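Trainee: Could you build the full structure based on these sequences and the hints that come with them?
Given next are the chains, with one letter for each unit.
2 protein chains.
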Amino acid sequence: MEIEYRNPAEIEKRSFAIITEELGNRTFPEEIALVVKRVIHTTADFDYADNLVFSNDAVSRAMNAIRNGAHIVTDTNMAKAGINKKTLAKFGGEVHCFIAEPDVAAEAKQRNVTRSIVSMERAAKLDVPVIFAIGNAPTALIQLEKLIREDGLKPELVIGVPVGFVNVVESKELIIRSGVPHIVARGRKGGSNVAAAIVNALLYQLVHREGF
Amino acid sequence: MEIEYRNPAEIEKRSFAIITEELGNRTFPEEIALVVKRVIHTTADFDYADNLVFSNDAVSRAMNAIRNGAHIVTDTNMAKAGINKKTLAKFGGEVHCFIAEPDVAAEAKQRNVTRSIVSMERAAKLDVPVIFAIGNAPTALIQLEKLIREDGLKPELVIGVPVGFVNVVESKELIIRSGVPHIVARGRKGGSNVAAAIVNALLYQLVHREGF
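Protein chains in written order, with my numbering: chain A, 434 to 645; chain B, 434 to 645.
Hints are supplied without guarantee of correctness; some may be wrong.
Said to hold, decoys possible - Simulated coverage check for chain A against chain B, where a stretch passes if three residues somewhere in it have a Cβ under 8 Å from a Cβ of chain B:
#1 440-451
#2 522-536
#3 553-561
#4 588-596
Claimed, not checked - To give an idea of the chain B side of the interface with chain A (calculated C-beta under 10 Å), a few residues:
#5 441
#6 445
#7 448
#8 449
#9 450
#10 451
#11 457
#12 459
#13 488
#14 512
#15 514
#16 597
#17 620
#18 624
#19 625
Since the hints were made in silico from the structure, they are not lab data. For clarity, every value in this text was computed on a predicted model and none was experimentally measured. Cβ coordinates follow ideal geometry from the N, Cα and C atoms, glycine included.
Mentor: And the structure:
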């Protein structure tokens, strides 16, 4: 077959042009548009034009946090793998994921809770500003909301995009109602790829803005 | 919020029951059903009930290959992160991803091709039976088809589920027409998460069948 576009930057540019064209009359504030379009780019699923919910100034606040060195916590190693860690490191940030640590599994088993719950408790002890990017586990999101409400945890942003059929829809509504800065994919859809895409959208806007 | 289901195995069982219920009259041969349902479980997107295409005996052939120690090659580290490597190792398999290796980047730059193309050429030199799981790069799929057609590469299975708007649809049709054993998500949709989910569906069916 004839490959029309070979250069990765050119492929991405053409992809975003197609997405913009197919969104038609749907317009968004610029900062939000870049997140929505990157998620559609990652999933080829235009449902995200409707289901992504942003708290006030979520994008600009998160970009400021990253510029000031905020770290990212993910609920899966897959989301961690998808985040552009080199770009994040330029601002001083790192990505943490505690889910596969042996002592997290041991503690979860002993307490009969999910590893995601224990992971979030570990993350809450990090002594740096944190953006949480949750693409898989609704129990992670539910635990986060509890840590915010009961223990005064103050995340810079919660990206709440777990996917699935059990506890998922409700866990996202909890975050939306919590008052914490958030970007949430309402409904069942989401995923580790979506969580990583949202973090990368923030990173790339910041790089663009800062002229890196 | 009240968490109705806490146990991960119970959550998965309930999720699959909901998916089966919502598929309604749509039925599939059992081996195929388990792949389709796991992809829907991973994406919450029922479009996959329509767009997944299987060559004859693709699932049982791939399961045999894994039981005989086949390795998996992915196009992204994200897909690699999502595959259950512990379970694969029980059968002697490993997951390879060449995309982030420094000499792959150097060669791609020098030849002015994508890193995915160089990665596939590296993978073609592996001296073991291989299942390719491509969730991101259409150029990887296009290069694979060329290696099959021109160089006699004989993959045990090609999982062709790149996502996106440029070269993607066409690259998948190439694989479907190639005669190679395949599982392909026709159209624009797919992703690293989908590629990993299909590999895991094969692994879990095999574990179930072998009584591990």
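Trainee: For every hint, state whether the structure bears it out.
Mentor: Hint check:
1. 440-451: That given contact holds, which follows from 5 residues of the segment 440-451 of chain A lying within Cβ reach (below 8 Å) of chain B.
2. 522-536: violated (count 0)
3. 553-561: violated (count 0)
4. 588-596: violated (count 1)
5. 441: Holds, because the Cβ-Cβ distance from residue 441 of chain B to chain A comes to roughly 6 Å (cut-off 10 Å).
6. 445: At 9 Å from the nearest chain A Cβ, residue 445 of chain B passes the 10 Å test, so the hint holds.
7. 448: Residue 448 of chain B check passes; min Cβ-Cβ to chain A is 4 Å, inside 10 Å.
8. 449: Where the cut-off is 10 Å and the nearest Cβ of chain A is about 9 Å from residue 449 of chain B, the hint holds.
9. 450: Cβ of residue 450 of chain B sits 9 Å from chain A, so the hint holds.
10. 451: holds (4 Å)
11. 457: Given a least distance of 15 Å, the restraint on residue 457 of chain B is violated.
12. 459: violated (16 Å)
13. 488: This hint is violated: residue 488 of chain B lies away from chain A, its Cβ roughly 19 Å from the closest one there, beyond 10 Å.
14. 512: Check passed: Cβ of residue 512 of chain B comes within 8 Å of chain A, closer than 10 Å.
15. 514: Since chain A brings a Cβ to about 4 Å from residue 514 of chain B, closer than 10 Å, the hint holds.
16. 597: Holds - the Cβ of residue 597 of chain B comes within 10 Å of chain A, reaching about 6 Å at its closest.
17. 620: holds (8 Å)
18. 624: holds (5 Å)
19. 625: Hint on residue 625 of chain B: holds, closest Cβ of chain A at ~6 Å, below 10 Å.
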